[in-house]
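Enquirer: So you can see what is in the structure, the chains are spelled out below.
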Amino acid sequence: MAEKTCELMDCGHRACGGCGPAIAAKLILKGTGENAIVVASTGCMEVFSTPYPETAWKVPWIHSLFENASAVASGIESSLRRQGRDEKVVCICGDGATFDIGMICISGAFERGHDFTYICYDNEAYMNTGIQRSGATPYDASTTTSPAGKRSFGNSRPKKDMPQILAAHGAPYVATASIAYPNDLVKKVEKAVNTEGPCYLQVHTPCCTGWGFDGSKTMEIGKMAIESGLWVNFEMENGDISKAKKVKRKPVDDYLKMQKRFAHLFKPAINSEEIAKIQTIADTNAMEYGIDL
Amino acid sequence: MMQIMEGSHAISEIVKLCRPDLISAYPITPQTHIVERLAEIVADGDLDADYLTVDSEFSALSACVGASAAGSRVYSATSSQGLILMSEVCFNASGMRLPIVMSIANRALGAPLSIWNDQQDSISMRDSGWFQLYAEDVQEMADLHILAYRAAEDHDVLLPAFVCFDGFILSHTYEPVDIPTQEETDAFLPPFRPYQRLDANNPISMGMYATPDYYHEFRYEMDQAMIRAGESLKKYGAEFAEYFGRDYSSPVESYRMDDADIAIVALGSICGTIKDAIDEMRESGQKVGLAKIRTFRPFPRDEIISALNGVSEVAVLEKNISFGSAMKGAVGLEIKEALDNKGIPVFSFVAGLGGRDLRKKDIKNIAGLARDGKGDIFYGLREELL
Amino acid sequence: MTLNVGCSAPPGKATDNKTGSWRVFKPVFDLEKCKKCGICILICPESSIHENDDYPEVDYDYCKGCGLCANECPADAIKMVLEEK
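Just so you know, the protein sequences line up as chains L, F and U, in that order. Position one of the first sequence corresponds to residue 3 (my numbering), numbered consecutively onward. Position one of the second sequence corresponds to residue 13 (my numbering), numbered consecutively onward. Position one of the third sequence corresponds to residue 65 (my numbering), numbered consecutively onward.
Calculated directly from the structure, the hints in this document are not laboratory data. Here the structure is a predicted model, which is why all the values come from computation and not from measurement. Cβ atoms here follow ideal geometry from the backbone N, Cα and C, with glycine treated the same way. Wrong hints could be hidden among the right ones.
[Said to hold, decoys possible] Pairs of lysine to any residue, SDA-like flavour, derived with a Cα cap of 25 Å:
| # | chain 1 | residue 1 | chain 2 | residue 2 |
| --- | --- | --- | --- | --- |
| 1 | L | 193 | L | 275 |
| 2 | L | 60 | U | 144 |
| 3 | L | 60 | U | 106 |
[Stated by the list, open to error] Just so you have them, the derived chain L footprint on chain F, three or more residues with Cβ under 8 Å:
| # | segment |
| --- | --- |
| 4 | 78-91 |
| 5 | 114-128 |
| 6 | 169-181 |
| 7 | 202-212 |
| 8 | 217-230 |
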């Protein structure tokens, strides 16, 4: 057996085969390096990686509650500063913990300007509890609490714009990334942890179990999300969009068709009206971030 | 040094002496004076600490969890609604075995909204795994904070602590109080030495999840730690006497109990009024005594049995109510259990809720009701409202 | 094994859990086609593909057989094969 590549995320964790967040965890730690303290929220990543006594984290790691990672991180950051220690404080939390239940704590931590990085792994629903709708669930996605049915096309609300909300708090660096572009993700993590002040990184982490596709396609789906314009990889510095990934855009249908959570838009008949609404979301993104090649 | 101080400010001075690294609190009546004075103290450079003006009580205690886990001594304060809002974090902190000390300015819980004193807030949290101390006066309020840090940080304990005192009655009252010097405090309370901490040189995962194969035993270990907390409080309470001249070696303080027929049991500031009432009742020939509970968690069962030995009736004055419970008050239930096979009747008197004033005459009435076997009631109802 | 205080633990025990037993399909590598781009090593969610002299080497004790490496390999050097148990 070869000399093992030194990964800060150990083998033996219990994520689904092909899990997007599992890939994100590993890539994030490549960006932070080992001089980091990770603060996790309750969720898929926490659950698949730390059933006592097995922990897959080779960096110091703490999980307190579902909603308070940023408040816990605030306390850690304060403590480290007073001890003259330089470990990077990094929250790694799911979209449910970030967009919904964690809003108060995140807003407070960013408003107070703590020097930490908050990374949201966005699989667009409460996955660990069985695929329920969150503030990050995209329009028309079917989840168990926003199911498509005779009177419903799935989730009826657009995705909450967390990056803009946190940029409005004065965050010096806000970015989105995707596991589909792993090197870009690692670079953005490096940049965020080395930028002083509260930085936010939202990482698209497709979920094969929750979105309904084969685990081998996780990266592919991530690329298609970006090519559709429904996910934009961009950076904001001090509130202004500084960079956005340009793409040769494809119609949203190609992306939606690949996932069971949007199957109701195609069967028993193609729902052109709803698909057009989703296309509008993509077109608006394209205009706002200037992504069309 | 003896000074006349507002109770809240006495706590601010004491907390300063305990050298926390982080003060993280959210304003709530009637605790706010504590954290305001601490903010002044930090702003003037008289205490080298981080002061976080957090976005809610929930965040206040969560920040304490983080800082404590990273290796810092921390402090917070709250009351009533704030305590219940952060109750999720309270259970989390004790389960993670973090020695956080928090002042509780006891205040009634809404609805209906009330800013005035009763002990529903901390009594409602008696299952949370925090040990609980109750102060009778400003001196005790001050002393019990130092004692709490010492006991909490003991590696055999590692549990967080509530230091409780009646809101407004003690927090906003000026009393003479002996504030020790920094040297005296440092001699009794050494620097914080965490049992384990978040550290890149020695990485651990804290707050993992426990499957049914492990959870039961984790709770058992916590219960054992709570028992040891009782022992530590007695041990360090006795040492406190050696350092500061005031003895906290017993979780129960007996007042004129030696030949008492009727025992009154209570927590907190009402004990001062009770002692005065007892003196008057004694003058008229009634043999009444007080068993003041200073440590409510862990419940001092042995000391209660010993203190109440030989009495004819016990009247428990409850500034709390456990709705739907067998005796109405939460404290009475535990007293009754302790005296289970002694044949001594125990009566709960729910009194003083929401800041309703209790006078010496009320104490005497309660003693009389207990003598007549009339208990497990709300005392002093305004019948015209009902 | 006595409990750690506060439900904490140092790293090291996760590897007791041999997730290779989850597998239905197994990746088989044709190293002659491999271009040593490193993508499979980078993206494996299990960290179970390691570098051996620039080439990938799978630790089959942990590979869950998700097929991501095979799907992403630009040289088409990885095939998912039904595992004989």
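Enquirer: Could you run down the list of hints and mark each one as holding or not?
Expert: Evaluation of the provided hints:
1. L:193 to L:275: Roughly 41 Å between the alpha carbons, so the hint for residue 193 of chain L and residue 275 of chain L is violated.
2. L:60 to U:144: violated, 30 Å
3. L:60 to U:106: holds, 18 Å
4. 78-91: Coverage by chain L holds for the segment 78-91 of chain F (8 residues, Cβ < 8 Å).
5. 114-128: violated (count 0)
6. 169-181: violated (count 0)
7. 202-212: It holds, with 3 qualifying residues against the three required.
8. 217-230: holds (count 8)
Checked against the numbered hints listed earlier, the structure breaks hints 1, 2, 5 and 6; every other hint is satisfied.
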